[in-house]
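S.K.: What follows is each chain in one-letter form.
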Amino acid sequence: MTRRAMTVSAGLVVAILVVAVLALGVGSISVAPLDVVRTLLGNGSRLTDFAVLDLRLPRVLIALCVGAALGMSGAVFQSLSRNPLGSPDIIGFNYGATTGGLLMILVFGGSLLAVSLGAIAGGLATALAVYLLAWQRGVRGTRLVLVGIGVSAILQAVNFYLIVNAKLADVARATVWITGSLNNLGWEHVWPALIALAVVVPLVLVGVRWLDILEMGDDSAAALGVRVEPSRLYLIVVGTAACAAATAVAGPIAFVSLTAPQLAKRLTRAPGAGILPAAWMGALLVLAADFVAQRVAGSGTLPVGVATAALGGAYLAWLLRRTRR
Amino acid sequence: MRSRTTGLVFALVLLVVVSLLSIAVGARSIPLSTVVHLLFERDGSDASFVVWDLRIPRTLIGIAVGASLGVAGAVMQALTRNPLADPGLLGVNAGASAAAALSVSVLGLTDLRAFVWFAFAGAAIAGTVLYFIAGRGGASPVRLALAGTAVSAALTGLTQCLTLLNQQTLDQMRFWTVGSLQRADDATLVRVAPFLGAGLILALLLARPLNALALGDDAGTSLGAHLGRTRLLSLLAVTLLAGAATAAVGPLVFVGLAVPHMVRALTGPDQRWVLPYCAVLAPALLLAADVLGRVIARAEIDVGVVTALLGAPVFIWLVRRSKAARA
Chain R
1 MTRRAMTVSA GLVVAILVVA VLALGVGSIS VAPLDVVRTL LGNGSRLTDF AVLDLRLPRV
61 LIALCVGAAL GMSGAVFQSL SRNPLGSPDI IGFNYGATTG GLLMILVFGG SLLAVSLGAI
121 AGGLATALAV YLLAWQRGVR GTRLVLVGIG VSAILQAVNF YLIVNAKLAD VARATVWITG
181 SLNNLGWEHV WPALIALAVV VPLVLVGVRW LDILEMGDDS AAALGVRVEP SRLYLIVVGT
241 AACAAATAVA GPIAFVSLTA PQLAKRLTRA PGAGILPAAW MGALLVLAAD FVAQRVAGSG
301 TLPVGVATAA LGGAYLAWLL RRTRR
Chain G
1001 MRSRTTGLVF ALVLLVVVSL LSIAVGARSI PLSTVVHLLF ERDGSDASFV VWDLRIPRTL
1061 IGIAVGASLG VAGAVMQALT RNPLADPGLL GVNAGASAAA ALSVSVLGLT DLRAFVWFAF
1121 AGAAIAGTVL YFIAGRGGAS PVRLALAGTA VSAALTGLTQ CLTLLNQQTL DQMRFWTVGS
1181 LQRADDATLV RVAPFLGAGL ILALLLARPL NALALGDDAG TSLGAHLGRT RLLSLLAVTL
1241 LAGAATAAVG PLVFVGLAVP HMVRALTGPD QRWVLPYCAV LAPALLLAAD VLGRVIARAE
1301 IDVGVVTALL GAPVFIWLVR RSKAARA
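Top line first, the protein sequences correspond to chains R and G.
Position 98, counted from 1, in the first sequence is what this note's numbering calls 98; the numbers after and before it change by one each time, with no gaps.
Take any residue in the second sequence, note its place counting from 1, add 1000, and you have its number in this note's numbering.
One chain only, chain G, in its complex shape (with noise of 0.2 Å):
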């Protein structure tokens, strides 16, 4: 217990510390020493309008994102019992895209406000569907993983239709097409904040339910919780952050997979713990990732093909330890 609080306490200052490189490294470095200075002192000069007006709503964004997507990861694998589940890779984030494009290229929609939500609209449909496709719960984690594959293939092609025919749609959704936080700025994060914070607390507040549902339905339901309450707000939790999230910065595959992996091997498999670890831990990685693809090429990379580039080993890891792989 004592030493599950140390750890979440060594998680917090990892993820400062990251956020303090993400504000400090970039196109044009900066002496962390100067950072912490401007953080308390705005002084007007080139490296102050850096820091605050294009590095810190960057971090934050990526902070909120990066919290969202590993908590949905781990709810999505409480809930469908499933090791490899993922928001991107089952097509949730994938079902946002294809919503967001299908607004703005029908309807002309221009402002985040108004597109975030059909972003959640799609990421809420995606996931239905792909619940039901799998056959609620009881799918098998290769069956799940090929629906979502699947899912997420056609709702591509769906974005790269609209986006062929229509070239407004395809300007709006260019930085969409990847993952990625260059284009976020202060405003993104106040109009998405609300929602992530939302489905935040709903997720935290989900933890013992979700606990009782990994015993299996029976001896859940004999722990008194309830099956059908717990799936359907844990749907909803799921769509709030990967909904929110996509809409803010774009579809990114494998933060939500890897992540809930690494922190179960550090707390075991209680959600009280799981559940926070990952909001802490998840934008730790997601920031590292984005300051990774701005150092290693002198055109930055976008952060979606850093985690995939990161992500998919990890999955393939996955996939040749599980057994149900092997039959």
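Looking at chain R on its own, in the form it has when it is part of the complex (with noise of 0.2 Å):
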């Protein structure tokens, strides 16, 4: 990592955590910022630990793992497909993560970890048939990207007759989750995000050296000695693996994965894949945004999804003024 890149990381989680102490401390119950830090340490009255670690700590804890996979799926995705919108939620794998969760959720009535593999076990079938519908003697980035909006446009068929022919109560639970949502998460979600991210983080962290090398092109990569094909199958199955799991949790937050390498990247100004500064961007974005679509829309929630599509589709417009050749 470069000096910058590392003085920008450093930034990000400082932001982070100016962002969590305000995000833990304001709503009905208010605690100033010093108590939210000494709460957090053990310090806390009953008032303030009810607040603050039973209320609040899940909700953000699972914002920030959710944020922090989806950027670095989206790194992946950027770096593999060599382009800035190649990223999982233009691609379709967490529409693929959708249906799978939908399935449980309307046609088996599932448990939250029931959903939760479903969720996981459609991103990758989803990523698998991309993968194959776009293999022609291997796999172009162009190509891997427009077969996963023909993908795509297939699986938000198949999810939206999967809600309208459900019944209703199940589709109130199926909207929300649809839409990207935080909204009443307890601990007992924290522990399986905890674990996915755990699990997930370290084989990307591995794949990630064959990530710079398949960016200088295939050719100069196979004469560096690194298996093409192979190591870009492993970089798909990880990178939607990390997208699954953070839909699994919260379901498909919008534009996310597509935002956070960008930006951050525009900060560190490094080449190659930069898959840490876009998963601190990544859980910065979630985090700030579910804070800002809790408070934006008077009475009830608004799902963060929805904050974040918002945000993504202006980012998105300037993106592709900027980027025209």
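Everything labelled a hint here was simulated from the structure, so no lab data went into it.
Ideal Cβ positions, reconstructed from N, Cα and C, are used throughout, including at glycine.
It is possible that part of the hints are untrue.
Selected chain R positions facing chain G (Cβ under 7 Å, derived; list incomplete) [to be verified]: (1) Val147; (2) Ala153; (3) Val237.
Each chain sits in its own coordinate frame; assemble them with the hints.
M.R.: Here is the structure:
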């Protein structure tokens, strides 16, 4: 990592801590920043323990896990497809994860764990399908993205069909999940998220060394002794796993995997995939978006996915204007 | 020349057959002979009610919307010289939906007559934004498809946000999330027909200039085509067609993509043939998809779902074939 990248990462971590303290303190039971820190260190009163540790900390932790996973996943795919738009939410892997999760909610009436596993399985199956459909003596970036667009159209249609034809009670649960929401998450959701992250992060980091070599082009990579297609498939699988794990916990949160790596890259100005800065940026984005979404709509909490979609849309238009050639 | 005329006649016959099927097939199946009889004589029976008040309006809307989307797709593909262009895929339909949702939630409009104008505005804005993002005419197919996906993802997010925040919007927009002919009625048809008609006529008048455009900007100009005017009018035609179609039945993807490709395989690249063929074969395809959706599942599958399931494989096949995606 370059020195600049390290400084940026450190800055992002500081920003995350600041927003986290804010998110932990602001609400119907208001806790001053210093008291938040004191409570986190184990010296809180009963009231602050309740508000900070029981009520708000799970949500903040999940936002961080989910955001980091999405940021990483986006960095992997943008690097693989050599295209700033080649992120899981454009290629459609999170639509596949959504389909898996919806099947569990709507058809099998599954538990939280079943929904998570369904989402991960759906995401991986979609990744495999897109990879195979895009295969023509190897897989090239643009074709991967375009085939992904086609596949996501199918999956969106399937998702819609599942929702329209389900029982109303299940639909309510499904629509909140499908927008990407951190509402009503507690400690029982934190542990699976942390475990998923603990499994996925090392797997992604193992693949990063190939990622930087693959960016030089297939021929150069092969000359350097990298087995191009197997390592690409490995990266697609772990990148999808990261995105699907995040989707399993919070539903498909739009645009984070698209924007986080790009924003991080603009700050670090470093070549290569920049996995870690992207992960920090993703965590910060989801945390901040959730903080805003919780407070923007007077009554009833807006799902975080809506806030990220609105921010992401504007960013996207700007990006397309800029990269115009 | 003669074979293409014969082909067009066959296409028309096909459309008539599919239309009859669309009137006959459904939750309550009515024999074709009865259908034909009822077409000439409304006898006040239940079957007569189903045919005249449910199935015929639905079929007519299907024909109008299908023709519009097929022609809009053909015009967009000619205008952008992009084989992957489609009003649904490039976000024009999503723009119409988002603007309509906005008018419902902010202004409280509930009548199609009022919000069809917003749908036009949305389609026009999305089309124009896309055109400029992509960099006027010169964009690569890949870039345009990506820009379209991005625009439509953002607009769909906006629509979703509005429906989540506002119960009334949710209720109005439910059938708009995916395209469906299920709620189509006479009133809808009457309200959008003038716009669709105007769009179709405009598009057909553009056939010759679009042919000139296909030769490239320089050759086109030297043949006397007014590039700027042709582009502007084409954008207007697409806005009218895609905006009104979306206002009537919701956003439909892939109809405008797939049909022009099939048609060009039959007719060659001459727009004077491509556009009329599209106007006839696209509705045949849309109605077939609608009938299929009624037949294959116990609960009806909306036509938007069926067209996505049928159209996406065509899209993937085109991507695999295209030279641009090999780079």
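S.K.: For the restraint on Ala153 of chain R, tell me whether the closest CB of chain G is nearer than 7 Å.
M.R.: With Cβ-Cβ at 5 Å, under 7 Å, it holds.
S.K.: Per the CB criterion, is Val147 of chain R less than 7 Å away from chain G?
M.R.: 5 Å, holds
S.K.: Quick check on Val237 of chain R please, does its C-beta sit within 7 Å of some C-beta on chain G?
M.R.: Violated. Min distance 21 Å.
Violated hint for the displayed structure: number 3, the only one.
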